[in-house]
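Chains A and B supply the protein sequences, listed in that same order. Counted from 1, the first sequence has number 1348 at position 162 by my numbering; the numbering is strictly sequential. Counted from 1, the second sequence has number 420 at position 105 by my numbering; the numbering is strictly sequential.
Just so you know, these hints were derived from the structure itself, not from any lab. Just to be clear, a hint being listed does not mean it is correct.
[As the list claims (entries may be wrong)] The list that follows gives simulated cross-link-like pairs (lysine to any residue, SDA-like), each with its CA atoms no further than 25 Å apart:
#1 A:K1456 <-> B:R561
#2 A:K1358 <-> B:F565
#3 A:K1456 <-> B:P550
#4 A:K1456 <-> B:K549
#5 B:K549 <-> A:V1199
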Amino acid sequence: MAKYIRRRLALAVPTILLTSIVVFLMLFLIPGDPASIYVGEQTATPERLADIRRVMGLDRPLHVQYADFVWRALHGDLGRSLQTSRPVADEIMTRLPSTVVLAVAAMMLAVGLGFALGLVSGLRQNTVLDSVAMLVALFGVSMPVFWLALLLIMLFAVHLQWLPATSLAGWKGLVLPTVSLALLSAATMARLVRASVLEVLQLEYLMTARAKGLSGAAVVLRHALPNAVIPVLTAMGLQFGALLSGAVITETIFARPGLGKLVVDSIQNKDLPTVQGVILVLAVIYIAMNLLVDLSYAAIDPRIRFE
Amino acid sequence: MKDPASRPEARGPWSDGWRRLRRNTGATVGGAIFLLIVATAGAAPLLAPEDPVRLNVAESLDPPGRRHWLGTDQFGRDVLSRIIYGARVSVAMGLVAVAISVAGGSVLGLLSGYYRGTADLLVMRLVDVMLAFPGILLALVIIAVLGPNLGSAMVAVGVSGMPLFIRVVRGSTLSVREVQYVEAARATGSGDTRIVFRHVLPNVLTPIIVLVTLGIPSAIVAGAALSFLGLGVKPPTPDWGDMLSRGRAFMNTAWWLSTFPGLAIMVIVLAINRFGDGLRDALDPRMKL
Chain A
1187 MAKYIRRRLA LAVPTILLTS IVVFLMLFLI PGDPASIYVG EQTATPERLA DIRRVMGLDR
1247 PLHVQYADFV WRALHGDLGR SLQTSRPVAD EIMTRLPSTV VLAVAAMMLA VGLGFALGLV
1307 SGLRQNTVLD SVAMLVALFG VSMPVFWLAL LLIMLFAVHL QWLPATSLAG WKGLVLPTVS
1367 LALLSAATMA RLVRASVLEV LQLEYLMTAR AKGLSGAAVV LRHALPNAVI PVLTAMGLQF
1427 GALLSGAVIT ETIFARPGLG KLVVDSIQNK DLPTVQGVIL VLAVIYIAMN LLVDLSYAAI
1487 DPRIRFE
Chain B
316 MKDPASRPEA RGPWSDGWRR LRRNTGATVG GAIFLLIVAT AGAAPLLAPE DPVRLNVAES
376 LDPPGRRHWL GTDQFGRDVL SRIIYGARVS VAMGLVAVAI SVAGGSVLGL LSGYYRGTAD
436 LLVMRLVDVM LAFPGILLAL VIIAVLGPNL GSAMVAVGVS GMPLFIRVVR GSTLSVREVQ
496 YVEAARATGS GDTRIVFRHV LPNVLTPIIV LVTLGIPSAI VAGAALSFLG LGVKPPTPDW
556 GDMLSRGRAF MNTAWWLSTF PGLAIMVIVL AINRFGDGLR DALDPRMKL
């Protein structure tokens, strides 16, 4: 187990490093002078640009600049926003909780709904219940987040006026963004849980369990479910990524001040330091999540450690 | 196929697959709808009742009716005409982006699966990095670099779709290269290029075809999402995602502005997805995609 954890951790480090290289290189890949991009002044005089280049260290070799970038990022310094002149790290910290709350709420809803639908249709295969659940799932998969969000706003905010269309109004404001963000993941999860349950139910050890007289519920809960959960767990890591990126869209629609909205606004305002900072933070969160999933996976399924 | 003897048709994996696909009603209807949308996009100037970008403030925000079947927007532009022209952007988005994914993904997948070793290591690291940016984030990185417009949105969506193609092509290549006829080809003196193009590629074609059909709808949705966020097409070009986004401001008074483009996106996505699912089942029922 310890060996597996070490190996898995060792794999995550180069991924994070390579990711940081990509984010770092963005500045040099954008057409134009890095100095003028970094200060957001497209019309600065050559002398001023030379000053900026020296002050910001842009005249040093690339690898030195990269090392500096990583060193400062590790110490929580992601540069300053061109829009607000505040440190990017502060901008991120003020918005991070909002995105985390949304992503976690959506994850919980997606897992709950996905398992409920998937279990029902898996255990009652080829019944009306199964068909209905899978039809809901098909719609969920085909529904773009932004379109679903608009329909929800039209129905619940504009017509019925039960819930606010923006998320500034406490927990009530969280409902619509969470539902629209979670549905796609819930649908994906439901299809997966169903397939997984169907596969496990055919295995021989379940026949044994039934043959020795266990009730249906005990067979499902004690024997089928734990094994059906494993493939779903991997998918959860990926779904968390889908939720993070879905948050980009959901936050923009519901005017929710989170990281997703921040990165979209920053791209439009050509605020590169903020774009780099947010993308780096989101990527690291995502890598960490997948690492956690992989580790819990090994804890649940002993076969994985001995690969 | 009730009586195989009376129907002496040529049989092979492709004709068998075609027959299975034809029998799948959902897939056939989906494919037909997609073709219809492509035809609409191509013939947009002939079909659209009005110029999609002509302003006519006198008729702004007309509800759907005789004069304008799907109503007009705040500038008096005909929504139906804009949806017909918008099909061009969506179809182009789906096709160009997937072409980028399939071209890049096949080359890299073949390289890493066939040569293994260092090439494989490098390509797989690249895939790791691309997958480290969840969903739309990699597209955002590319758009931040290239600037927000339709061209960079296509590149962004195409590149984001690449890892899936790389993995599938690599996996298939890895298994095909060990097969005996490849060994035989090598023994008889075929070069790498010949082996890859004559023996390996035809055998990884099935998963590629399925991935392409299933990749188009997700590319369309991703493109529409980028336009929705204001990072795709620039006005006044008609685009479904952009129309949906701009209609939000009039949700209380003019429901038709967002509803119809949204429906258009959903119809095209559902249609191609049904077709792709049917194609997968017809070509290779065991494939898990």
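Would the pair K549 of chain B and V1199 of chain A pass a check requiring their Cα atoms to be no farther apart than 25 Å?
Violated, because 39 Å separates the two Cα atoms, which is more than 25 Å.
Is the hinted pair K1456 of chain A and P550 of chain B satisfied, with a Cα-Cα distance of at most 25 Å?
This hinted pair holds, its Cα atoms lying about 19 Å apart.
Is the hinted pair K1358 of chain A and F565 of chain B satisfied, with a Cα-Cα distance of at most 25 Å?
Holds: K1358 of chain A and F565 of chain B sit about 23 Å apart, inside 25 Å.
Has the given pair, K1456 of chain A with K549 of chain B, been kept, meaning a C-alpha gap of at most 25 Å?
holds (16 Å)
When you check the alpha-carbon spacing of K1456 of chain A and R561 of chain B, does it fall within 25 Å?
holds (22 Å)
When each numbered hint is compared with the structure, a violation occurs for hint 5 only.
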